[in-house]
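Trainee: Read off the chains here:
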Amino acid sequence: MLLVFRGFNPMSSRTDPRRFKALSRRELLKLTPIVALGSFAIAGLQKPLLKAGLDFSDWASAKLFRSGHLAPTFRDSDLTPFDRFPINDYDLDDPGVDFDEWTLTVSGAVQKPGDYTLDQIQALPKLTQNTRHVCVEGWDVIGQFGGVRLSDFLEMIGSDPTARFISLECADDYYESLDMATAMHPQSLLCYEMYGHPLTREHGAPLRLQIPTKIGYKQAKYLTDIKVGHVLEKIGYWEDQGYSEFYGL
Amino acid sequence: MATRTMTIEDAKAGEVTHAVYEHPFLVRLCHWLNAVSLFVMVGSGLQIFRAFPSFGSKIPQKNLLDWPKALALGGWLGGALQWHLTFMWIYILTGLVYVGYQVFTGNYRQVLFVRRDVPGVWPMVRHYFFFGPKPPVREAYNPLQKYSYTSAIGLGMLSVLTGLAIWKPVQFSWLAWLMGGFHLARLWHFLIMWAMLSFVFGHLVMVVLHGWQNFASMLTGWKKDSGYGSE
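Protein chains in written order, with numbering that gives the first Met the number 0: chain A, 0 to 248; chain B, 0 to 230.
Derived from the structure by calculation, the hints contain no laboratory data.
Model, not experiment: these values are computed from the prediction.
The beta-carbon is built from N, C-alpha and C at its ideal position, and this holds for glycine as well.
One or more hints might be untrue.
[Claimed, not checked] Far from chain A by the CB rule (all over 12 Å, computed), these chain B residues:
hint	residue
1	126
2	129
3	134
[Stated by the list, open to error] Taking lysine-lysine and the BS3-like style, the derived pairs with C-alpha atoms no more than 25 Å apart in a straight line are:
hint	chain 1	residue 1	chain 2	residue 2
4	A	125	A	226
5	B	167	B	57
6	A	233	A	50
7	B	68	A	50
8	A	111	A	233
9	A	46	B	68
10	B	223	A	29
11	A	226	A	46
12	A	111	A	29
13	B	68	B	57
14	B	133	A	50
15	A	62	B	11
16	A	125	A	111
17	A	62	A	50
18	A	20	B	167
19	A	62	A	233
20	A	20	B	223
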């Protein structure tokens, strides 16, 4: 880099109006690549282009994700009061789960498929954490969540270590999926407690996801089925309508 | 690289005009791509804001303003996020290329606002807003212009950094922490947008006031009758 003051040391040349016009036109035409942005305004192209943009952002998000990097945790005094922790349901507050009959059905690339009771899940080491819940709408709260590590549960069911995704079904017909790196994150929970009490029905009893490295719509409630797999047949209730698939925080 | 100038001799009319090559190709390209992406970022950003038009708590929710849907882009939150997460790459890339090019060529010196420009700001403000005398033109950009453009670049960088803190408050937790946490980062992101829009407003007013030759120079690079730089 030159560090001389350039001031006015003109490189001057002479021309006539006609040649100057041609020169100007040539310079203007160099900007035509900008017109390519207009393709976003064409109805048939807009959707695939935005899909490509979102996919690129998801790809970058997965690259930015670090397995060992922990989400910030907070003191109890930072907690949002329980009654001010929002309940975002997509059609109903309570799908009427029968707690006595409830099991988590495991299938897919696992050694021990079958139905797991809440007692079996709760026998795994318990983890309680105060973490931030961020909604895609823009609001955020800090909640206290108790549960077992999803990674511990995956180990218990003999999950195939080469599997890439887990898919989850919910009692309210909501569904979700997670990339395996996120599922194995040490703060990713199968959550059965909030604020020291068993999950209430509005918050997804008896079992929900609590993934502090993911956006709110990934925190599926009322879990009923979990499937380990290499490919995804469907991504998630909101994702399949156009939301980001990865949305890692 | 010295300033390129051109002397245009119209033999028939017997006129001589001077022109200066003010805006290199990459600067013009980045300017327009960035302008389009800024427009998309603001439009889609306001649609995203409509999903939760508040900076307080969710319960109880007090809305700050009811931004009209007609002045937003994307139709719904998911659509707006697609626009936002697509055009942010163009916004960032054109910003990086512009700044990189300015630094590499040394051209940043004609536009970067530095301490010696400070005394010249007030005379320009007096000229533009209070009908004061026009200070003599010595450089491509006057001190007030330098201040504006440097601010715009600074705001552009802050808009990206605050956006990153909102998009990735875990992976960039240190960035969110610097901004007072996710919650405040979202507020800064919003306020920076308005600061940027006030720059754009002032910029557009100046473009209109300075006429066609000035505007054309951002398209062709060449500005006729610049009033400086000629022999």
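Trainee: Holds or violated: residue 20 of chain A and residue 167 of chain B, Cα atoms, limit 25 Å.
Mentor: Distance ~49 Å between residue 20 of chain A and residue 167 of chain B Cα, so the pair is violated.
Trainee: Quick one, are residue 125 of chain A and residue 111 of chain A close enough, alpha carbons at most 25 Å?
Mentor: Roughly 21 Å between the alpha carbons, so the hint for residue 125 of chain A and residue 111 of chain A holds.
Trainee: Next pair to validate is residue 226 of chain A with residue 46 of chain A; report whether the Cα-Cα distance is within 25 Å.
Mentor: With Cα atoms ~30 Å apart, residue 226 of chain A and residue 46 of chain A exceed 25 Å; violated.
Trainee: The output says residue 134 of chain B does not contact chain A. Does that hold with a beta carbon cutoff of 12 Å?
Mentor: Given a closest Cβ separation of 18 Å, the condition holds.
Trainee: Checking one constraint from the list: CA of residue 20 of chain A to CA of residue 223 of chain B, max 25 Å. Satisfied?
Mentor: holds, 11 Å
Trainee: With a cut-off of 25 Å on the C-alpha distance, tell me whether residue 223 of chain B and residue 29 of chain A pass.
Mentor: holds, 19 Å
Trainee: Within 25 Å, alpha carbon to alpha carbon, are residue 62 of chain A and residue 50 of chain A?
Mentor: holds, 18 Å
Trainee: A cut-off of 12 Å on Cβ-Cβ distance, and residue 126 of chain B was said to be off the interface with chain A. Does that hold?
Mentor: Holds, because the least Cβ-Cβ distance between residue 126 of chain B and chain A comes to about 23 Å, which exceeds 12 Å.
Trainee: Taking 25 Å as the top limit, are the C-alpha atoms of residue 233 of chain A and residue 50 of chain A close enough?
Mentor: holds, 16 Å
Trainee: Can the restraint linking residue 167 of chain B and residue 57 of chain B be considered satisfied, given a maximum Cα separation of 25 Å?
Mentor: Holds, because 20 Å separates the two Cα atoms, which is no more than 25 Å.
Trainee: Are the Cα positions of residue 46 of chain A and residue 68 of chain B separated by 25 Å at most?
Mentor: holds, 20 Å
Trainee: Check the non-interface label on residue 129 of chain B: least C-beta distance to chain A beyond 12 Å or not.
Mentor: holds, 30 Å
Hint compliance for this structure: hints 11, 12, 14, 15, 18 are broken, all remaining hints hold.
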